[in-house]
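Novice: Got chain A; can you put chain B on it based on the hints?
In the order they appear, the protein sequences are chains A and B. Per the working numbering, the very first residue in the first sequence carries number 129; after that it's consecutive. Per the working numbering, the very first residue in the second sequence carries number 129; after that it's consecutive.
It cannot be assumed that every hint is accurate.
Since the list gives no way to pick one copy over another, a pair counts as held whenever it fits inside one copy or between any two copies.
For lysine to aspartate or glutamate, the following DMTMM-like pairs were computed, each having C-alpha atoms within a straight-line distance of at most 20 Å [to be verified]:
1. LYS169 to ASP150
2. LYS396 to GLU239
3. LYS363 to GLU239
4. LYS396 to ASP211
5. LYS169 to ASP299
6. LYS171 to GLU239
7. LYS363 to GLU243
8. LYS171 to ASP211
9. LYS169 to ASP147
10. LYS363 to ASP298
11. LYS363 to ASP346
12. LYS169 to GLU212
Derived from the structure by calculation, the hints contain no laboratory data.
2 protein chains.
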Amino acid sequence: MADFSRLCIHQVTLLHQWDMADFLAGMRRHGIPATAIWRDKLKETGAAETRRMIDGEGLAVTSLCAAGLVTSPDPISAAAAMDEVRRALDEAAMIGASNLMFVAGGVDPHEKSIEAARTRTLERLALLAPHARAVGVKLALEPLHPMVCATRSVLSTLALANDWCDALADDDAFAIALDTYAVWWDPNLAAEIARAGRRLIAFHVNDWLADTRDVRLDRGMMGDGLIDIRAIRQKVEAAGYTGYIEVEIFSERDWWRRDPDEVVDIIKGRYRSVV
Amino acid sequence: MADFSRLCIHQVTLLHQWDMADFLAGMRRHGIPATAIWRDKLKETGAAETRRMIDGEGLAVTSLCAAGLVTSPDPISAAAAMDEVRRALDEAAMIGASNLMFVAGGVDPHEKSIEAARTRTLERLALLAPHARAVGVKLALEPLHPMVCATRSVLSTLALANDWCDALADDDAFAIALDTYAVWWDPNLAAEIARAGRRLIAFHVNDWLADTRDVRLDRGMMGDGLIDIRAIRQKVEAAGYTGYIEVEIFSERDWWRRDPDEVVDIIKGRYRSVV
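Excised from the complex, chain A in its bound form (with noise of 0.2 Å):
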C-alpha cells in the first residue's frame, strides 16, 4: 500500500477542470492530504467559505499561492502592490496556510534594470515583514526560473533567496520555496539547497519537457521530462526538510486538458515511480 501522506496536490495543476468545491472534494476522494490554494480561485469562493470547505474536507493547507509584484519604480504603484501582499497574507491566515507564496515581480521596460528592480524587492520585503509576523504567515520566497526573470520574478536563484534571507534575518517572517523546475538546470543547487536548510518551507515538484512550448504554461508531469526529481528531493530532506511535496503543474496544452480524476491517478503512480 503506497503511502500518499505527504502527497500535496496544488490547485493550479487542475485549473481549468475543478471549481473550488470540487477540488477540495476531488482531493478527499483520493485521499491526498494536502493542498496549496491558488489565489484567483480563493477570489471567486472567499477566504471564509473556502476555510469553511477546506475543515469540511478534513485537508491540509500548506500555502496560499500567489502575492507579490512588488518591483516597480513608481511609489503608487509598488505601494499598491504591498497592500495587495498583505491583503493575501490575511487571506493565507484565514485559510490557514502557513505561508504565501511571493513572486517578486519584472523589470520595468523603461528602466531596465534587474539590479534595481532586485534592490527594491529586498527593501518592499522588510516593509512587509512586519504584516507576516502579525498574522502568523510568512512569506515564501520562491526562485523561478530565470526565464520568467523579465516579467514574473527578479528573484531568479536559490543563492539569491538564500542572500535575502541573510539580508533580512527575519525567520519568523520569511521561509524559501523551492521548484524543482526553476532550480534544477543551476550548478549551486546541492550547495544552496543545504544552505537554506530549514528555510525550506515548501518543495514543488513537476519536469522539464524536452520540447518546451511555453516560458510558463508548459510544465511536465514527473518522470515525462529530464529532471531527477528524486535526487532533488533527496538533497531537500537530507537539509532538514519534512513537509509536503508539493505537484504543482502549469500545463496549457496537456494536463489542464485532461479528465481530473485521471490527471490525479497518475500523478499518485509517478509520486509513487520517480519523486
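Specialist: What follows is chain B alone, placed relative to chain A:
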C-alpha cells in the same frame, strides 16, 4: 559620423534572407567590418571557397558557430561528436576564425543527470584541447540560457564556464564567449565577468523580449527588450575586452522575415543608441 569599426554581425541574424555570397557582399556594402560564420551555411559553400569569398570582401571573421553536443553517455556517439568538433576546428582555421563557438550539449533523457553531463563535457573538452592547439583555434565556451540546458547546453552560467577554464588551465585552447541573452538574469554576472577577464573572446548582443514565445528562436533586437545591454558591455570592457561587438539574433517570428538591408540598417541604429 558613427563608428562601426567594432560592429560584427553574426551570419545567423540573416539566416533565411541571404546565402553566403549575398551575406558577405551585404556586409561589405553596409560597411560592417566583421562577421561570425554559421556552420550550416559554411557547409553549403565549403570552407575553402568561403575563405576566398571572405577575403574578397575584405571582412574579418570572429568565430565559426557552432559545434559540440558532446554530452552523450554512449561512448560511440560521444566519439563521433568529438570528431565532428575536430572537423569544425579545422574549418574554423581554414576561414581564419580565432575561435569555434562550443555548445556543450544537453541532458540524456534516460540518464536524466545534468551533473553527469557536465562531468563528461569537462572530460571531453580536455581531450579536444590538443587539436585546438594544433590548428590554432580556441574553443569558445559559451554559457547558454538555463532554459536550453535540457537540449542544447548544460553550460548554464558564466561561473561554470570560469570553473571549467580554471580546471582545464589551458588558455591556448579555451576561451569564453558571453551573450547578453544567456546571462543577463544572473545575480553574479558582474563578479563573473571580472573573473573571466582576458578569457573573453566574443561578446554577443541581442535582447530579451517581454513576450518571449520560444526558448530558442525568439530573440529580440537590441533595444526592444528588457536587457540593459550597455551596462553589460561596460562590464565586459572593464574586464579588458577590446574585441568586436557581435549582433546575434535568432528570430523566427520577426527578423528572419524582414528585408535584410532594413535589418542591417536597424542594427546600425540600435548599435549607436543602446549598445
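Novice: Report the numbers of all earlier hints that the structure fails to satisfy, in ascending order.
Specialist: 2, 4, 5, 6, 10, 11
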